[in-house]
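2 protein chains.
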Amino acid sequence: MITILRIGHRISRDKRITTHVALVARAFGADKILIDSIDKRIEESINSTCYRFGGNFKIETGIDKKKVIKKWDGTIVHLTMYGDELENSIKKIDKEKDLLIIVGAEKVPPYVYKNADFNISIGNQPHSEVAALAIFLDRYLDGKWINRKFDGKIQILPSDKGKKVKSSLR
Amino acid sequence: MITILRIGHRISRDKRITTHVALVARAFGADKILIDSIDKRIEESINSTCYRFGGNFKIETGIDKKKVIKKWDGTIVHLTMYGDELENSIKKIDKEKDLLIIVGAEKVPPYVYKNADFNISIGNQPHSEVAALAIFLDRYLDGKWINRKFDGKIQILPSDKGKKVKSSLR
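Chains as they are written, first to last, in the working numbering: chain A, 4 to 173; chain B, 4 to 173.
Since the hints were derived computationally from the structure, they do not count as laboratory data.
These numbers come from a predicted model, not from an experiment.
Keep in mind that a hint or two might mislead.
For chains that are exact copies, the list does not tell them apart, and a pair is met inside one copy or across any two.
In the DSSO-like style, the derived pairs of lysine-lysine whose C-alpha atoms are separated by at most 27 Å in a straight line are [claimed, not checked]: (1) Lys94 - Lys167; (2) Lys95 - Lys167; (3) Lys94 - Lys147; (4) Lys70 - Lys169; (5) Lys43 - Lys18; (6) Lys18 - Lys110; (7) Lys94 - Lys166; (8) Lys73 - Lys110; (9) Lys147 - Lys95; (10) Lys95 - Lys164; (11) Lys110 - Lys43; (12) Lys166 - Lys68; (13) Lys98 - Lys147; (14) Lys35 - Lys69; (15) Lys68 - Lys167; (16) Lys166 - Lys69; (17) Lys73 - Lys43; (18) Lys68 - Lys43; (19) Lys169 - Lys117; (20) Lys167 - Lys117.
Work out the full structure: start from the sequences and follow the hints.
In structure tokens:
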């Protein structure tokens, strides 16, 4: 089980970035996202994507992040540009255990750094938590997200020119 | 030379996503980003990152996207969830030529699909242009972005616990 914990989500400022984080989590093989602030709109939006495009991805908002971190039975990874090198850290992670991946927006409180088993950087340059999560999941799952089947009501078929969409939505 | 063309940028709605697209472009090895709408704020923000963190990344906003596409001397890739499979397409790209990577926000006009040499999907699931660009550049540059040197005034050093930052900014 791979769970994403999105912290520091400010509804007005971060709604699109957090939506992208959630969609990336789903598309790249995570099972669930937990978001600290209550945000019913983002829940609806992600649940609508799951309904149409398939899979068993779950979303919960308004969770107590400290409690989640404290009670986590498994490994905790925090993605941050201040972290250790990806290639170096990723091989130390025990893949048999449940994984919690913490993704912050802007400033992250010190207790996250302290309570993470691994603080990992996807390059030590400023970029994006969306990209960091995608690259991390890609490496963690050895690129296997690309073959994942979602069995959605909408299926998009690969096409070099034009859109090919199969839909069983009424 | 790798140039990103960001189209459909709406200043209020897309500012944070487009900023992430630009930062990912820089961090993952592109040379330049062109944005269709004029947006001085995003120019300032990206130029400030480049000043502090180094490298030669360039940004221009308010460009004529049709003209850029029409006059492009090299290969044009359009990233879209409706495109052909990444692994299938990427090996056909001639890496000797200059590359233009088009990244849309929401709906992309048909002439982009028609004028791209390659319409490529990073998985046929809805997710994020930020993640799509990161994964595409990662594969195109064989993961070498991770060793790129930026020689910035600020340098972040890998660290498993706590932040290690070298700065020559006054």
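Evaluation of the provided hints:
no. : hint            : in the structure
1   : Lys94 - Lys167  : between (39 Å within a copy, 22 Å between copies)
2   : Lys95 - Lys167  : between (41 Å within a copy, 21 Å between copies)
3   : Lys94 - Lys147  : both (17 Å within a copy, 19 Å between copies)
4   : Lys70 - Lys169  : neither (42 Å within a copy, 34 Å between copies)
5   : Lys43 - Lys18   : both (11 Å within a copy, 23 Å between copies)
6   : Lys18 - Lys110  : both (17 Å within a copy, 19 Å between copies)
7   : Lys94 - Lys166  : between (39 Å within a copy, 22 Å between copies)
8   : Lys73 - Lys110  : within (20 Å within a copy, 42 Å between copies)
9   : Lys147 - Lys95  : both (19 Å within a copy, 22 Å between copies)
10  : Lys95 - Lys164  : between (42 Å within a copy, 15 Å between copies)
11  : Lys110 - Lys43  : both (24 Å within a copy, 25 Å between copies)
12  : Lys166 - Lys68  : between (41 Å within a copy, 22 Å between copies)
13  : Lys98 - Lys147  : both (14 Å within a copy, 25 Å between copies)
14  : Lys35 - Lys69   : within (17 Å within a copy, 40 Å between copies)
15  : Lys68 - Lys167  : between (41 Å within a copy, 25 Å between copies)
16  : Lys166 - Lys69  : between (44 Å within a copy, 21 Å between copies)
17  : Lys73 - Lys43   : within (25 Å within a copy, 43 Å between copies)
18  : Lys68 - Lys43   : within (17 Å within a copy, 37 Å between copies)
19  : Lys169 - Lys117 : between (47 Å within a copy, 21 Å between copies)
20  : Lys167 - Lys117 : between (47 Å within a copy, 15 Å between copies)
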